[in-house]
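Please put together the full structure from these sequences, using the hints given.
Single-letter residue listing:
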Amino acid sequence: MKRNFTQTLGFTFLFSSLALTLLVLFSIIYFIGVRGFRVLSWTFLTQAPRQAMTAGGVAPAIVGTFYLALIAILFSLPLALACAIYLCEYSPKGWVVNFIRVGINNLAGVPSVVFGLFGLAIFVKFLKFGVSMLSGGLTLGILVLPVIISAAQEALLAVPHSIREASLALGATQWQTIRRIVLPAALPGILTGIVLSIGRVVGETAPILFTAAAFYLRGFPKSVFSEVMALPYHIYALMTEGTHPKEQTGMAYGCSLVLLLLVLAISALAVFLRQRQRGRFHV
Amino acid sequence: MFDPVKIKAQHVDFFYGNQQALKDISMDIDVGRVTAIIGPSGCGKSTFIRLLNRMNDLVAHTVLRGHIYLEGQDIFSPAVDPVEIRRRVGMVFQKPNPFPKSIFENIAYGLEVNGYRDRDVIEERVVMSLKKAALWEEVKERLRDSALKLSGGQQQRLCIARCLAVAPEVLLFDEPCASLDPISTAKIEELILELKKDYTIAIVTHNMQQAARVSDRTAFFLLGELVEMGETQHIFTAPKDKRTEAYITGRFG
Chain A
138 MKRNFTQTLG FTFLFSSLAL TLLVLFSIIY FIGVRGFRVL SWTFLTQAPR
188 QAMTAGGVAP AIVGTFYLAL IAILFSLPLA LACAIYLCEY SPKGWVVNFI
238 RVGINNLAGV PSVVFGLFGL AIFVKFLKFG VSMLSGGLTL GILVLPVIIS
288 AAQEALLAVP HSIREASLAL GATQWQTIRR IVLPAALPGI LTGIVLSIGR
338 VVGETAPILF TAAAFYLRGF PKSVFSEVMA LPYHIYALMT EGTHPKEQTG
388 MAYGCSLVLL LLVLAISALA VFLRQRQRGR FHV
Chain B
397 MFDPVKIKAQ HVDFFYGNQQ ALKDISMDID VGRVTAIIGP SGCGKSTFIR
447 LLNRMNDLVA HTVLRGHIYL EGQDIFSPAV DPVEIRRRVG MVFQKPNPFP
497 KSIFENIAYG LEVNGYRDRD VIEERVVMSL KKAALWEEVK ERLRDSALKL
547 SGGQQQRLCI ARCLAVAPEV LLFDEPCASL DPISTAKIEE LILELKKDYT
597 IAIVTHNMQQ AARVSDRTAF FLLGELVEMG ETQHIFTAPK DKRTEAYITG
647 RFG
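In order, the protein sequences belong to chains A and B.
Here the first sequence stands for residues 138 to 420, where the numbers follow the numbering used here.
Here the second sequence stands for residues 397 to 649, where the numbers follow the numbering used here.
Worth double-checking, as some hints may not be accurate.
What the hints assert, rightly or not - Here are some of the chain A residues that sit facing chain B, going by a computed Cβ distance under 10 Å: (1) Arg301; (2) Glu302; (3) Ser304; (4) Ala407.
These are calculated hints, taken from the structure and not from any lab test.
Where a beta carbon is used, it is the ideal one built from N, C-alpha and C, also for glycine.
Rendered as structure tokens:
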């Protein structure tokens, strides 16, 4: 009797926790959804803000976010992939590699505003890229380096050792084995990592605060050295402008909804890719 | 002059870290014959066979002493490229390990990494290898299907075909039937007897009946030592060493 009671109590607790978590999640989506939906329109998605950001849309911010993510991934992907391949496939196992691993994991724990300051010092000032799409993209790229490295490492380690041996036993070199057998097998996992890091880049505000973001721009960025608007920073801009609180808050919810949908879509893509990776080595 | 010895091991010691896995192994593997290596689990038989194509290079913190010669050439000499050794000495593993690719690509891969470019030649070699591995009839209609869809026995024969495609001189089998059912096992054994005509073969097995069925010569390993080696018939009917006799009559192992 007592055992069954404890079990029921336990399950009830576990279930309530889950229910509460889902409740929070759905309240956020509902709250943002309802308020954001009011301002959502074709105009909102395709036009620049007008009349002190009380009308028009957020198109430059969407485009800016897209470019920032693109630069970040273009910069960090080759670097992260190379690091992961070296760490998993080539480096001798030992304390040096363990130290590097710990270092990379700690890099992932650095607060994003610190990356922002770093980007300001290195890209904006030292390399004289100015406050620009390039500076912001590179800063975001550094931010997601550890994310992609970890995901890629995990994907590489998940490739069974037996097929590496099979390849080497046929007289393939280690590099041929990596390029033709290991990387293709690890690709879905690596893609998942990329997609997740895109989600991260799209949502980050602090790293672009000093390096890329413009409060208000009339049109689209002209080159990588232009300042850009970005969705998360645009929300901040709308909420702190304070000249027309009512309209601007409405716009901010619309902007949040767009950002939320974007991140959700990206996460869904990641889940899809991971699902495909599963069952790749099982019949 | 014809040298009947294909691979010669001389005073081979092998260590994983501080642990000695092989103790002073000296033995010959003869051209065109099947040499079986038997012994209980952990006796070092797999370790030994993996030295013959330098697969143990991949394991960290190992030490090798002694020499292994392939046609008189020391395969561990610094002048030797392990990649070339592995092309000449093929290996079939304990668990079938096809690549997550199509049946065709599984075999074509070995040719491609060894520099074959001509698609016609590759196709021809793929078909030939599948026929040699007695798999052609079962897969000829679905060469583009994933190799992972094949049964375990078929996968293992695919691994053998993959091996044959790159034209090795020696085939090493590391307990090739350990994960297969009796019917698939019989097919692999039949295949080994067939392949013996063209290749020098070494097979590690813990199944004594299998050793008796497929091999010409047998080596018995125990605790990292080569206890006895001789013609299979002699080893199984009149072993010289008491330990060999105890093992083959099933008193331990």
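Now for the hints, and whether the structure bears them out:
no.	hint	in the structure
1	Arg301	8 Å, holds
2	Glu302	6 Å, holds
3	Ser304	7 Å, holds
4	Ala407	21 Å, violated
Of the numbered hints stated above, the single one contradicted by the structure is hint 4.
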